[in-house]
Amino acid sequence: AQSVTQLGSHVSVSEGALVLLRCNYSSSVPPYLFWYVQYPNQGLQLLLKYTTGATLVKGINGFEAEFKKSETSFHLTKPSAHMSDAAEYFCAVSDSGGYNKLIFGAGTRLAVHP
Amino acid sequence: NAGVTQTPKFRVLKTGQSMTLLCAQDMNHEYMYWYRQDPGMGLRLIHYSVGEGTTAKGEVPDGYNVSRLKKQNFLLGLESAAPSQTSVYFCASSYFGGGSPLFGPGTRLLVL
Numbered sequence: 236a237q238s239v240t241q242l243g244s245h246v247s248v249s250e251g252a253l254v255l256l257r258c259n260y261s262s263s264v265p266p267y268l269f270w271y272v273q274y275p276n277q278g279l280q281l282l283l284k285y286t287t288g289a290t291l292v293k294g295i296n297g298f299e300a301e302f303k304k305s306e307t308s309f310h311l312t313k314p315s316a317h318m319s320d321a322a323e324y325f326c327a328v329s330d331s332g333g334y335n336k337l338i339f340g341a342g343t344r345l346a347v348h349p
Numbered sequence: 076n077a078g079v080t081q082t083p084k085f086r087v088l089k090t091g092q093s094m095t096l097l098c099a100q101d102m103n104h105e106y107m108y109w110y111r112q113d114p115g116m117g118l119r120l121i122h123y124s125v126g127e128g129t130t131a132k133g134e135v136p137d138g139y140n141v142s143r144l145k146k147q148n149f150l151l152g153l154e155s156a157a158p159s160q161t162s163v164y165f166c167a168s169s170y171f172g173g174g175s176p177l178f179g180p181g182t183r184l185l186v187l
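Chains as they are written, first to last, in my numbering: chain A, 236 to 349; chain L, 76 to 187.
FYI, nobody ran anything at the bench for these hints, they're computed from the structure.
Because the structure is a prediction, the values reported are computed rather than measured.
By construction, the Cβ of each residue, glycine as well, lies at the ideal position given by its N, Cα and C atoms.
Check before you lean on any hint, since a few could be wrong.
[Said to hold, decoys possible] Below, computed lysine to aspartate or glutamate pairings styled on DMTMM-like, alpha-carbon distance capped at 25 Å:
#: 1; chain 1: L; residue 1: Lys146; chain 2: L; residue 2: Asp101
#: 2; chain 1: A; residue 1: Lys303; chain 2: A; residue 2: Asp330
#: 3; chain 1: A; residue 1: Lys293; chain 2: A; residue 2: Asp330
#: 4; chain 1: L; residue 1: Lys132; chain 2: L; residue 2: Glu154
#: 5; chain 1: L; residue 1: Lys84; chain 2: L; residue 2: Glu154
#: 6; chain 1: L; residue 1: Lys132; chain 2: A; residue 2: Asp330
#: 7; chain 1: L; residue 1: Lys132; chain 2: L; residue 2: Asp113
#: 8; chain 1: L; residue 1: Lys84; chain 2: L; residue 2: Asp101
#: 9; chain 1: L; residue 1: Lys146; chain 2: L; residue 2: Glu127
#: 10; chain 1: A; residue 1: Lys293; chain 2: A; residue 2: Glu306
#: 11; chain 1: L; residue 1: Lys145; chain 2: L; residue 2: Glu134
#: 12; chain 1: A; residue 1: Lys284; chain 2: L; residue 2: Asp101
#: 13; chain 1: A; residue 1: Lys284; chain 2: L; residue 2: Glu105
#: 14; chain 1: A; residue 1: Lys303; chain 2: A; residue 2: Glu323
#: 15; chain 1: L; residue 1: Lys89; chain 2: L; residue 2: Asp113
#: 16; chain 1: A; residue 1: Lys304; chain 2: A; residue 2: Asp330
#: 17; chain 1: L; residue 1: Lys146; chain 2: A; residue 2: Asp330
#: 18; chain 1: A; residue 1: Lys284; chain 2: L; residue 2: Asp113
#: 19; chain 1: A; residue 1: Lys284; chain 2: L; residue 2: Glu134
#: 20; chain 1: L; residue 1: Lys145; chain 2: L; residue 2: Glu127
#: 21; chain 1: L; residue 1: Lys84; chain 2: A; residue 2: Glu323
[Stated by the list, open to error] Chain A residues, not near chain L, derived (Cβ > 10 Å throughout):
#: 22; residue: Glu250
#: 23; residue: Ala252
#: 24; residue: Val254
#: 25; residue: His348
Isolated chain A, as found in the complex (with noise of 0.2 Å):
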């Protein structure tokens, strides 16, 4: 079965810092994955997403994220994090049955102090 795991639940970092949030999936299939971003009170938008080809995906405000097959990973980083960063993250691969159906990874809520 696909899968999502994405490890810390909140992450907090200083404004200007590196941001790096982590992300493993599971797929019996090639992935596509996504990283879409959820600010407070609203739907989600999509940041980035993997589907085929160069493994460094780079996306909206100044993300990106690496896919690693050996790893099974796609963590996301911005190198230096602003204020209007803090939201919740959420990464999600296409579920093999196709449709563009997305299997969710529980979320991410990334804080930003001054």
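Could you slot chain L onto chain A? The hints should help.
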């Protein structure tokens, strides 16, 4: 384009009451989905549709029914609400192929 819209934004129900959540999209997407979000559990798929007139069960379908009579609308029904259905419900849609699902703003439901 309005994208994906959901009605209502917030609702309080008593146990045993029924209600329908409406999702609409104006992007001519083929696929539509209903997810529920609960603390510490991420989002879980309730039902989905791959085209007008079609529906299929997701991971947590019990207690819910859906209909997609028009391509742009996807309705989620609760026939007899239970406190366990207190959640935030998100609708999403995507186009045929490898499209990334686009999410609506959510409906917060409280069942007392």
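Evaluated hints:
1. L:Lys146 - L:Asp101: Judged against 25 Å, a Cα distance of about 9 Å means the pair holds.
2. A:Lys303 - A:Asp330: 19 Å, holds
3. A:Lys293 - A:Asp330: 22 Å, holds
4. L:Lys132 - L:Glu154: Roughly 16 Å separates the two Cα atoms, so the pair holds.
5. L:Lys84 - L:Glu154: The hint holds at about 19 Å.
6. L:Lys132 - A:Asp330: Roughly 13 Å between the alpha carbons, so the hint for L:Lys132 and A:Asp330 holds.
7. L:Lys132 - L:Asp113: Answer holds: L:Lys132 to L:Asp113 is near 19 Å, not above 25 Å.
8. L:Lys84 - L:Asp101: Within the cut-off at roughly 18 Å; holds.
9. L:Lys146 - L:Glu127: Answer holds: L:Lys146 to L:Glu127 is near 5 Å, not above 25 Å.
10. A:Lys293 - A:Glu306: 19 Å, holds
11. L:Lys145 - L:Glu134: Holds, at roughly 24 Å.
12. A:Lys284 - L:Asp101: Holds, at about 23 Å.
13. A:Lys284 - L:Glu105: Holds: A:Lys284 and L:Glu105 sit about 20 Å apart, inside 25 Å.
14. A:Lys303 - A:Glu323: Distance ~23 Å between A:Lys303 and A:Glu323 Cα, so the pair holds.
15. L:Lys89 - L:Asp113: Holds, at roughly 19 Å.
16. A:Lys304 - A:Asp330: Holds: A:Lys304 and A:Asp330 sit about 17 Å apart, inside 25 Å.
17. L:Lys146 - A:Asp330: Judged against 25 Å, a Cα distance of about 23 Å means the pair holds.
18. A:Lys284 - L:Asp113: 23 Å, holds
19. A:Lys284 - L:Glu134: 23 Å, holds
20. L:Lys145 - L:Glu127: Distance ~6 Å between L:Lys145 and L:Glu127 Cα, so the pair holds.
21. L:Lys84 - A:Glu323: 20 Å, holds
22. Glu250: At about 26 Å from chain L, A:Glu250 clears the 10 Å cut-off, so the statement holds.
23. Ala252: Fine: 25 Å to the nearest Cβ keeps A:Ala252 off the interface.
24. Val254: Label holds. Min Cβ-Cβ 19 Å, cutoff 10 Å.
25. His348: 23 Å, holds
Violated hints: none; the structure is consistent with every hint.
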